[in-house]
Structures are given as structure tokens and as C-alpha cells.
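Participant: If you want the building blocks of each chain, they are given just below.
4 protein chains.
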Amino acid sequence: MERLMRRVLKAAILGATGLVGIEYVRILSQHPYIKPAYLAGKGSVGKPYGEITRWQTVGQIPKEIADMEVKPTDPKMMDDVDLIFSPLPAGAAGPVEEEFAKQGFPVISNSPDHRFDPDVPMMVPEINSHTVTLIDEQRKRRDWKGFIVTTPLCTAQGAAIPLAPIFMNFKMEGAFITTIQSLSGAGYPGIPSLDIVDNILPLGDAYDAKTVKEVYRLLSETKRNVQEPDIKEVSLSATTHRIATIQGHYEVAYVTFKEETSAEKVKEAMDQFKGEPQELKLPSAPEKPILMTNKDNRPQVFFDRWAGDPPGMSIVVGRVNQVNKKTVRYVSLIHNTVRGAAGGGVLTAELLTEKGYLPK
Amino acid sequence: MERLMRRVLKAAILGATGLVGIEYVRILSQHPYIKPAYLAGKGSVGKPYGEITRWQTVGQIPKEIADMEVKPTDPKMMDDVDLIFSPLPAGAAGPVEEEFAKQGFPVISNSPDHRFDPDVPMMVPEINSHTVTLIDEQRKRRDWKGFIVTTPLCTAQGAAIPLAPIFMNFKMEGAFITTIQSLSGAGYPGIPSLDIVDNILPLGDAYDAKTVKEVYRLLSETKRNVQEPDIKEVSLSATTHRIATIQGHYEVAYVTFKEETSAEKVKEAMDQFKGEPQELKLPSAPEKPILMTNKDNRPQVFFDRWAGDPPGMSIVVGRVNQVNKKTVRYVSLIHNTVRGAAGGGVLTAELLTEKGYLPK
Amino acid sequence: MERLMRRVLKAAILGATGLVGIEYVRILSQHPYIKPAYLAGKGSVGKPYGEITRWQTVGQIPKEIADMEVKPTDPKMMDDVDLIFSPLPAGAAGPVEEEFAKQGFPVISNSPDHRFDPDVPMMVPEINSHTVTLIDEQRKRRDWKGFIVTTPLCTAQGAAIPLAPIFMNFKMEGAFITTIQSLSGAGYPGIPSLDIVDNILPLGDAYDAKTVKEVYRLLSETKRNVQEPDIKEVSLSATTHRIATIQGHYEVAYVTFKEETSAEKVKEAMDQFKGEPQELKLPSAPEKPILMTNKDNRPQVFFDRWAGDPPGMSIVVGRVNQVNKKTVRYVSLIHNTVRGAAGGGVLTAELLTEKGYLPK
Amino acid sequence: MERLMRRVLKAAILGATGLVGIEYVRILSQHPYIKPAYLAGKGSVGKPYGEITRWQTVGQIPKEIADMEVKPTDPKMMDDVDLIFSPLPAGAAGPVEEEFAKQGFPVISNSPDHRFDPDVPMMVPEINSHTVTLIDEQRKRRDWKGFIVTTPLCTAQGAAIPLAPIFMNFKMEGAFITTIQSLSGAGYPGIPSLDIVDNILPLGDAYDAKTVKEVYRLLSETKRNVQEPDIKEVSLSATTHRIATIQGHYEVAYVTFKEETSAEKVKEAMDQFKGEPQELKLPSAPEKPILMTNKDNRPQVFFDRWAGDPPGMSIVVGRVNQVNKKTVRYVSLIHNTVRGAAGGGVLTAELLTEKGYLPK
Ligand SMILES: NC(=O)c1ccc[n+]([C@@H]2O[C@H](COP(=O)([O-])OP(=O)(O)OC[C@H]3O[C@@H](n4cnc5c(N)ncnc54)[C@H](OP(=O)(O)O)[C@@H]3O)[C@@H](O)[C@H]2O)c1
Ligand SMILES: NC(=O)c1ccc[n+]([C@@H]2O[C@H](COP(=O)([O-])OP(=O)(O)OC[C@H]3O[C@@H](n4cnc5c(N)ncnc54)[C@H](OP(=O)(O)O)[C@@H]3O)[C@@H](O)[C@H]2O)c1
Ligand SMILES: NC(=O)c1ccc[n+]([C@@H]2O[C@H](COP(=O)([O-])OP(=O)(O)OC[C@H]3O[C@@H](n4cnc5c(N)ncnc54)[C@H](OP(=O)(O)O)[C@@H]3O)[C@@H](O)[C@H]2O)c1
Ligand SMILES: NC(=O)c1ccc[n+]([C@@H]2O[C@H](COP(=O)([O-])OP(=O)(O)OC[C@H]3O[C@@H](n4cnc5c(N)ncnc54)[C@H](OP(=O)(O)O)[C@@H]3O)[C@@H](O)[C@H]2O)c1
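Chains as they are written, first to last, in the UniProt record's numbering: chain X, 1 to 360; chain C, 1 to 360; chain F, 1 to 360; chain E, 1 to 360.
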């Protein structure tokens, strides 16, 4: 009922042919009130979307989208667009997104370029929906009608979402994370095949560090039930890798606590974890952001990455074990291009609508 | 000089056609004083070794070996054999190895069946060479002329060898390990292909537990420079997986300490780590059991698994980082069928020769 | 309208947990008038389908199916079942299918056991729908109320479907086929991972021969527009392999003719190819059984295996080239577990309904 | 004896860090009279070879080579170099090679740039060693002291070597080839991983065509025992693909003849095939350029690519079958970076030495 009366939002997808772009197209072509109206890219400009796009995901390119022509990332051509999704590559994204915001467009970006601007939210709606108010500051400070909101690194989301209910409810001391990430996380062409067949590719210090930095910020923006320790006293580390899986970042976490903490309680906290998207019943909000499994050989990338409803929006957590009285181990799986990028972007747009930052 | 006068030992390899068996064949066909004299199996009995064997390793089957016929695992047929290497499957190995030992043969086993018999050594010569004396007890108790010595699980060796110098020199509190193991670790046919393409296979609770159990024992048998904490106070955990690599187990370790401990010192201890094999200059002893790398994208399975001299006998450790004052992180790579099985078995035989348990 | 009045058929799926079984479940849970009512297996009997099944396909296990218990393949327990789909393994299938047919059940089998019984149709509905009448003979001869209809080997279908319009319309002399098949074609556990990583697995003489034998039969049952040469004068050969793809058999065909034959005309014939399923507008009939592509780097397994509507029911053909005046080359891609098995089975059931062999 | 007196040739390897370059380094560091004296590259100039090189092959980087610094491809710096091996990328190779030849250096190139210059040999020494005399013409025409000799495309060699004895001895009508090639054939970074996991990558029209063009030339330069048909009347076609194998190009060939031709005779011709390298007993000449296997599941890429002595210099042929009286089928496997590039280059250098084009 309500939906029938809703205003339909026309969205532009910048980088629509990319690995995140295709998930936006897939999700929005079935969305109740956000429609993919404008597909933009660079090398593929002028070509029919269906011809040029490597559709490295499930299903087929929707017929009505396949014939759309890819257009340049030009604000002037987007008069009737309400909203910009920007999964552009790092470096290219920054200035383009600013230009759009300046021209009055709401921009939801998956790129790293503005994530750490002090007046830009870096949003996982279940974790830090209250940070949307940074937009007001941003507009004021920059004198923009539009604005920029970002989503975090997929790897950081994979780590932070299961850690959020832990940090919110227990006296966490540290978290030591090992990631086994998929190829799509690096975009296309991304990782050379000769780096990955019969191999594991360590991602190195810089990647480890940026993961940790984003997890710190996300945890620091949670709404906690315990007030200590301060996030600054928590020790976080990530050891990151890529292997020859197509989608899905798998992560192993050892979490230490300042006091005795039971794995059962930790499990329960993750299972119960909800946020504003669930309260507001946003269309892209999974009933449970974290799905728990009890099988000791799950989650598996191939079988669990599309978990949840909408598919790929729930993180699957399993192998939760008491290591010692103050240490708990678990593993998690996040769909990097969905929950970790496009799906997170759409969920953020839905939140912005409810919060009055987008027309309803 | 000395070598010319050495007695040549004739070895039987039980399970010679298997993934560990082929590494025994490869290593022994170039060994200064142990020769592959008898190749035994089950399904392949009666067939020429070169015809029936899947040579899933480097190089070619040595010509003189290719024509040998695979024979049954029958002590009666091995009159002139001095020594048995037994990489037989769990379950099958146990009774066969006992029979051989009873018949007077020295047996070096890579299988798990007798690893936790209280009178059987579980040997990583650099770590616990002094446990050979268990053989005396074993012979006495069982009234055997022969004996059984085992080598540990490849995964446990991959964890324990880098941990040994740490536990020996620092006040370790815990070690939280994540493994990313290769397919060959499960033997042939082993892992179904549909479990591993575009997937990560969690190995589950039982595999996690047996890894930890063996690491505990190995660490408890080190010769320590610090006397605390007792191994029983140390917290160990392993989260184990397999992916589509052919050889080489990669492991990430987060090690916590009871007091401030510098990553630099830990590095140094690993770099300096040596044991009796190095002192005795055993032919299969690598100069350094642990090779350190400073590149933050190494070790890599494809490029580093054959590290050391003899190839595959050194573990490569890298990405050593200070996580916090009391926590250090590193990653390691072990060649599972060489250092973790056949190479370890041959090194053990060499040690036994020097210690008088095998003729010299 | 019509559909509302149709009788709903209750189907049992024998081997429902297998790689073909899951495609039956996926397809039938959305089918207009055939419902999955009974799921049977062997090792998984007694367990909830959703718990025990490796869902190695797209989408999720339908909720209402996930809770169903896997039951034994016992005709006595299937009183209210109208129809049996039998993707049982070779050997196991034969006697079970006979028993069901004897007890009065219509059986559609994907297994090889009865394919070459002289009174059993081996059906690709677009090619040889007229052979359904063998059922009458079968019932008479065997005095059965039920009956058995089979579908061919997936590899043979992948070869025969594009060859059918060629053999029907041109004076074909020979076809020389090279297959690059996927892992799912061998079932689960199927191919050991160590046979397939960094390798190509030749399937050998027996597999080559059975492919050719089935293609001969299928072509001989086409309705031709040219009357020569006789199929016996046509030379067919297949060189078969498996590689590490999950689904989708890719095949390269060199077709030689007795007279000058243009690649353009051959293309047109494949593009125009239709059969009785299209005429009858059966629900599982794709509009085009063969979809032509002009891109010289397509079809690709990852991107094209789900082609058509219903997904996976169209074969994609490309790289059609004139080699010389009398030789044409093309490549094709078939979804082995859908078009080559479950989808073909469902299409056959739909045909049987229209032809009066199943209630409507 | 003879070897002791031989002059040692100092070789420069241009592109020494590449996938072909590393095989040159591996082979020459064990060569009786050609030594790797100068390693040149572009991006890696100034760095120690052992630091910068991805050693994607067997064994380890030889110690004495690891410390050598990579230098620019500058003829002026190579005063004491006798011979240039040039596995440079297409485009880059052409002008550099000309410059070296002009400066008086003998250049053996694996790149395509000069392959079809009318005065440049394109050499597979077993097939067309007599074409070395083109060098005389080349020097005269271009007024060079140095010269350029090329080796063909790896894929073309894989096709042409088994076809050579067939075309030489039988009345061949056509050959229809399907290739399944490895990733290393495209150099590094080469094929993006997302193109190859769970996929087959068709190489398209241009790649098909260049393969055929080179095979034509090679066959036309064989020394034939039958004089018809002319090569121009022979119909050749190639359908080319890449999959996720690291080294080794696998090819399926259907060969048609103008008259009845027995598979046994064809086998024999391939088995007996020898050329001048075998007669001259060149150090890199395998005893048999073609090794025949009778197992119907061989050759396999993983197990057979290093066949022959020196390793990787023999092509393995199997699955030879009579398709019909005038058609024979077989499959072959060539090590693309060894026989198809560096090994072929070294063999060519050895031939040039014996023929007086290089000092002996
Ligand atoms: N992949 C993930 O899992 C993931 C997760 C979270 C965040 N992200 C972030 O999302 C962004 C996109 O990642 P991706 O994996 O989708 O990358 P991708 O597959 O490489 O796609 C990049 C897209 O951007 C377009 N593009 C590139 N340069 C452009 C320019 N200068 N102007 C306009 N369009 C341009 C490309 O269009 P043409 O094809 O037309 O050139 C293409 O559509 C990155 O910032 C990444 O960090 C990715
Ligand atoms: N793979 C590793 O990385 C690794 C590392 C450490 C320890 N291990 C241990 O080493 C052992 C061998 O492992 P693997 O990977 O080499 O296994 P594998 O590849 O499966 O080989 C098993 C071998 O044992 C033979 N065999 C099997 N059953 C037998 C029986 N009843 N009697 C006599 N011979 C029999 C087989 O011979 P036929 O072919 O003739 O039947 C084959 O040669 C296992 O106990 C394993 O736990 C393995
Ligand atoms: N895969 C293909 O592409 C393809 C294509 C065309 C035709 N086919 C044919 O289809 C059949 C099934 O192939 P698949 O790939 O689906 O095999 P699969 O994955 O191995 O599945 C086999 C199924 O059969 C069940 N089963 C096994 N033995 C049984 C018995 N004795 N009694 C009852 N149920 C039994 C198993 O149930 P439990 O798990 O409960 O034991 C499982 O559900 C084979 O005949 C195959 O030749 C396959
Ligand atoms: N791979 C095969 O199977 C194969 C078979 C037959 C023939 N070939 C031919 O062999 C050649 C090399 O192939 P590859 O696979 O070895 O390629 P690759 O792995 O990409 O290596 C290219 C090498 O060339 C160097 N290089 C690139 N541009 C250069 C320039 N402008 N000046 C000087 N050096 C330059 C690179 O050095 P830096 O790293 O220092 O930049 C690197 O060492 C190609 O022409 C290829 O067609 C290859």
C-alpha cells in the first residue's frame, strides 16, 4: 500500500559495467522504488550495456537494461536523476563525486577516496546509521546542496559486522583476523591469473593496515551496551590474502576479552544483532544481518555467499568456539560485491530516504 | 670420505605410489646412503612402478625405479631390507607397522596410528631429537627387535616448527593459528574437485583438534631457554582449511606473550633456530630450518614451497609484525609432503643412524 | 486460464540430492503443473533435504523443499505419485527403474542403463519426439502399465543438438568433435581435485565411444529434409576431456560435407532449428533451442551456460566458420545438468503429457 | 672431450625476467657451452635478478644468477656478448632486434615481429634446419654483420611438430585442430584471473588465423617423402582456447588424407620422426622430438609437460585413432615456454654453431 504511493527515485550508476556496478544493476532492476535510470562508465561509453558488460554474477542482464547505452559520468546529462551510486575506482572516484555533490546530487560512493573526510559518513546502516547527520555538517561546511556518503571496504565490513555486536556487548581486548578473499574484490582485470592458480596471494602491509583502520572507525561508531574499554585500547590486526574464488570474502577471527566471556553468549549477541534497517523494515534489510551456522564445515564460499534475503545481504558466521576463558574464535563470510558494496549502497539509500536526505 | 665407507641402507617404502611415497622415492633415489630397494602398495601390487604411479611432484620418475614392480607389504619378502618408511593411510598403517617392528624392522611412519602410543617418538628432529630414547623403552616393553618412530601431521609441523624457537625463548601465552592447506595433504583421491573449485573447504573440529594436540606435544618436547609458562598454561587453537593448491600448507599465526616481546627478537629467534640435525650435519638437514623473508607479499605457495636445500626442507616465514606489545603475527609455509612427511622421515632415519638405532 | 484447469502432477525425484537431482528440484519448484512431491536417495535417507544436500547451483533451496525428508526409492511408498524422474547413477538405476515401471509408474530416466533397450525412447524432444511411440511397444512387450523413457548423455546432447539441423538439411559426411567438459558431469564426489588443478583430464576411449554411439542414434532419429547420405555413411568422432569448470560442456565441431556447403546456410539452419516442444509451446521449451552468437570470443562457460529461457535450456553456438568449401567449424556450449539432464527430463514429461502418456 | 675445447658463448637474454626469459636462464645455467652473461629487461632494470623475477617454473634461481643486476637492452653495453636471445613482447621486440643485428649481433628471437620477413628464418630445427641459409640472403640484402632468426608461435609449434612427419610421408588433405592452451602462453600479467576461473577463454579469430598461417609455413618447409598434395591444397584450421593451466599447450588434431591411411603408419611416422638436431646430437636435442603414449588418458598437462631429455623438449602424442579410412585423430602436448620458446631458441643456437653462423 505504502509502496504504491512512494515516489520512484531515478538512480545513476557510475561504473555500471564494473563488478560492483553489475550488482547495483541486478538489485535495482528489482527494487520497489529505486530504478536504474542512467548507466555511466568510461571505456564502454557509447556501447549498449548488454553488449559490453561482463555479467560476472547470477541471473541474466535484465532485458530493459541490456539495450541502454553506457553514458559518460557527466552531471549535466543527469537532470532527472535523483541519486548517484558511485562504485568508481579509487583515484577516479574522488573528483567526480565532489563534482556531483557540488551540482546538488546525493552521492553514495563505494570508493575509498572520501571515506576518511571528517564530514563524510562511512556507513554500514546496521552499525552506524546515526552518522548520517554528518551530512548536515558536510553541506554546511562545503556549501553543497548535494552530499557524499561512503560505504567501507568490503573486507572491513566482513570483519566489522560480526565484531560490532561483540564490541557493543563485551569487554573486548583485541581481534586478530585472517582473511581469504575473492578475486572480484580487486575489480576487473584485477589479479593476473598466474598469481592465483595453485597459489595464495598475500595482500601485504598496506592492505592489512587499511582494513584495520576502517574496522576501528566502524567499531568506534557502534552504540555500545558496555562502556569499556575504549576503542583505542582495543588491539586489531588483519592478515589479508586473495585466492581463486570468484565472490565472497572469508575471514577467521580470534577475539580476546578483558574478562571471562562465553562463546555461547557471543554467538547469541551475533545472532540477535539488529540495527535501524531492521527496525525500519528497509526493503534491502535482511531479517538477520548475521546468520549463524552450527555445522563445523560451514560457511563455505561456494554455498553460502548468497545467504540471506535479499540474497547476499546476510553475513554467515560459524565455527564459534571457546579457545580459552577469555578468547573466542569464529569464521565469517561476506558477499563482497553485494553486502560489501552495492547491496550496502542500496541499503544506505533506503536509510537516507527514511531519514529525509532523499525524497520519499 | 666418510660417506664412501658408510654402509648403504636398503629401504622399503610402504605406500610408495602415494603422494608421500613419491617424495620418498624422489629423495632416496639421490640419497648418499639410503636406497629405495623395495616399493610396496596395495592396489598397484604387481604393476611396474612407473606405469601405475601418479608422479604429482617435480622431476621425472628415476629410470631405475620406473621398472621396479610394486610388491605387497609383507615382512617375509624383505629379508635384505634395513629400514621401513611407512606413509600408509591411517587405519591401514597401524597393524602393518606393528607386524614389521615385531619382525625386527625399524619403522619410520608418517601415519597417525601410533603417534600417541606413550612409548613411540613423534619426531621433528630439530625439535625433539632427544625423544629417540623412547625407542629403548618401546623395545623393552614390547619385546621387539624392531621399533616404530613416527612423524607428526604435516599441519602440526607447519605450526610447531616456527613456534618452537618462540616457545623455547619467550614467555608465550597463546598461539592462534589459521591454516590454508593444499590438496595433497589429503592424499589421493582425497578432496573431490567440486568441493574446491571456487571454494574454501573448512576442515572442521576434529582436524582443528588433532592439529592442536600434536603442536602441544611437540612444544612440550622442546629444550627451552625460559622455564615458564608451562606448556599446559599455553593456549593453542587452529582453524583449518583446504583450498585448490597442490602442495604447501600456509599458516597464519598470532602469538601472544605474558610480557612485552618484540617482533624483532622473535624474528631473530626463528632465524637462528637450529637443532641436532644441523649440528650433526645430516645430509637432509637444511642449513636453516626456517628461512625468513622480508617481503610483505611472501611467502607464496607457488614460489616458496620448495625453499631450502634439500628443496622443500625449509619452512619460509614472513610478515612478522608487532600487533601490540605482547602480540606478534607471522605467516609460514611448509611443504607438506616433504618437510611435513617424506623429507622429515628421511631426516629422522639419518638421525637414527647417528644415534645408533640404525646401522652406520 | 488453461493452466488453472490442468491437473497437477506429483513427481518423485530419485537421486534428488545429486547434481542432476538438485536441478529437478530447482526447476519443478517453479513448474506450472509438475510438483516435487517425493525426494528419494540412498545415503541421505531420513535426513531433511535442506540439511544434507550440496546445492551446487544458483539460487537457494526452496523453503518448502528444505524441510522435506529424503525417503528411500521404494514404489510402495509412492501411492500418490504420478511420475518418476530418475537421475540415479549407472548400475543402480537399471533395476530400480524397471521395478517402478512394472508397478505402473511412468519413469523418465537420465541414467544410461536402459538407453539402448530397443523399446525404450532416448529423447531429446526437439530431435526425436516421434519416438515416444516406442512406449506402446514397450508396454505391450513387457506387459507393464508404467514405462521407461530415457534422456541421452549430456555430452551427446551437446553434440547432437547443433548437429541435428545440419544433418537434417545438408549432405553431411562427418563430424569431428572435441569436448571440454565440466566437473559436474561426473556427479559427486566424481573427479578428484588432484586430477584437475593445473591439468586437463582426457576421458579416454570408452567415453569417446559412448558419446559417438548416442549421437549416431539421435541423428538417425531426426526428421530430415535431405535423404542422403544415410547415417551409416557419416563418420563421427569425439575426443573428450574434463577441466575445472563447474557446469557447462563446451564442444568444438568440425563438420565435413559431401558437397559445397556454406557456413552461412549452416548458421541459418541452426538458428531456425525448432521442434515439437516449440510448436506445442511446452513450458520448458526455449524459444530457440540454439542461440547463435557472433562474438568470436563466445560462448564462454561462465557467462553463457545459463542461456535461454528457461535458463540453461538453450545451447549457445558460435565461431561458425568456413574452413574450406566442404567443411564448417563451430563451437557449442550446453548446460549439462539442465538441458543435458533435468531440464531435458522435464521437457520430456511435458511432451508426454501432451501426447497422452501422462495425465493432463 | 670435444666439449672441453669448445668456445664458450656468452649470451644476453633480453626479457630475462619474463616467462620465456626464465626458461632461458634455467636452461643456459646448465648448458655445456652457452652461458647467460647479460640479463636485460625494462621495468626491472637496476634490480637484482633474483629479487625481481617471478620464477614460475621448476627448481630455484641459480645462485650465481640471482645476484646479477638486470640491465637495459642496449647493444653498446654488450661488447663481450656473442649472441642475443630475444623473448621480448611483440611490438617492443622488432626495432630492438634490428638494432642488435645491425650492430653485428646474432639474434634469436621468440617474438612475432620479424617472423614473416621474407629473409628471416622461422626455425624449428627438426623441421626446417635448411632454412638457416636465409641468413646469408638477409645479411646481403640488409648489409648486416649480425642477423635475426626467429622461432614460431608456441601453439603453431605444438601443431606443426606432430603434423610434420605426417605431411612428409602421407597425402594429407587437411588438419582440424582444437587447442587448450595454458596461461603462461600469454606472458605476465597476461590473462586476468576472472576470465579463467570456472571458465574457458576462446582466443578468437585473429589467434586462430596466426596459428594456421605459421603451421602452413612450417609444413611447407619440411623435407617431404611424398610430393603431393602441394601445401596450398591442404586445408588447415585451428580453434584456440586458454584455460587455467600454468604451462603446456594441449591440442587435438583430426587429420584427413587423400587416400586410405592407417593410424598405425601415422603413429610410426611420428615415433620415427627425427631431424638434423638428432643427427648432429645437439645438446638440447631430445632423442625423440615426439614421444608416443599408448594410454588413452595421456598425455596430461600436469604429468607430461616436462617430457623428454632435456625436460620439456619432447612433444607427447597419444590417443591416435583411426576415425575412418582417410581420417586419423590424435592429441599432443607441448611445453610452450620450453620447446615452444626458450628450448627451441637454444636448440636453434646450437644448430647455428654447427652450421657456422655462430663461433664454435
Ligand atoms: N569489488 C569489490 O568487492 C568492492 C567492494 C567494495 C568497494 N569496492 C570499490 O568499488 C569501486 C569499484 O570496484 P569494482 O570492483 O566494481 O571495479 P571494476 O570492476 O574495475 O569496475 C570499474 C568501473 O568503473 C568504470 N570506470 C573506471 N574508470 C573510470 C573513470 N575514470 N570514469 C568513469 N568510469 C570509470 C569502469 O567503466 P568502463 O568499463 O566503462 O571503463 C567500470 O565500470 C572501487 O572503488 C572499489 O574499491 C569494490
Ligand atoms: N599427504 C601429506 O601431506 C601427508 C603429510 C603427513 C603425513 N601424511 C600421512 O601419510 C600417509 C600417506 O598419505 P598420502 O597422502 O601419501 O596418501 P595416498 O596418496 O592416499 O597414498 C596411500 C598409499 O598407501 C597405499 N595403501 C593404501 N592402503 C594400503 C594397504 N591397506 N596396504 C598397503 N598399502 C596401502 C597406496 O598404495 P596403492 O596405490 O598400491 O593402493 C598408496 O601408495 C597417511 O597416513 C597420511 O596421514 C600425509
Ligand atoms: N551430471 C550430469 O551432467 C549428468 C548429465 C546427464 C545424465 N546424468 C546421469 O544422471 C545420473 C545422476 O548423475 P548425478 O551427476 O546427479 O550424480 P550424483 O551427483 O552422484 O548423484 C547421485 C544421486 O543418486 C543417489 N543414489 C546413489 N546411489 C543410489 C541408490 N543405490 N539408490 C538410490 N539412490 C541412489 C544419491 O543419493 P544419496 O546422496 O542419498 O546417496 C544422489 O542423490 C547418472 O546416471 C548420470 O549418468 C548426469
Ligand atoms: N610465453 C610463451 O609461451 C611464448 C611462446 C613463444 C613465444 N613467446 C614470445 O616470447 C616473447 C616473450 O613472452 P613472455 O611470455 O616471456 O612475456 P612476459 O612474461 O610478459 O615477459 C616479457 C619480458 O620482456 C621484458 N620487456 C617488456 N617490454 C620491454 C621493452 N620495451 N624493452 C625491454 N624489455 C622489455 C620484460 O622485462 P621487465 O620485467 O624488466 O619489464 C619481461 O622480461 C613474446 O614475444 C611472446 O610472443 C612466448
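Mixed in with the good hints, there may be bad ones.
[Unchecked claim] Taking lysine-lysine pairs in the PhoX-like style, the calculated list, with each CA pair at most 20 Å apart, reads:
| id | chain 1 | residue 1 | chain 2 | residue 2 |
| --- | --- | --- | --- | --- |
| 1 | X | Lys-288 | F | Lys-63 |
| 2 | C | Lys-47 | E | Lys-295 |
| 3 | C | Lys-288 | C | Lys-267 |
| 4 | X | Lys-325 | C | Lys-258 |
| 5 | C | Lys-210 | X | Lys-295 |
| 6 | F | Lys-326 | E | Lys-295 |
| 7 | C | Lys-71 | X | Lys-326 |
Calculated from the structure, these hints are not laboratory results.
Participant: Hint by hint, which ones does this structure get wrong, listed from lowest number up?
Facilitator: Violated hints: 6, 7; rest satisfied.
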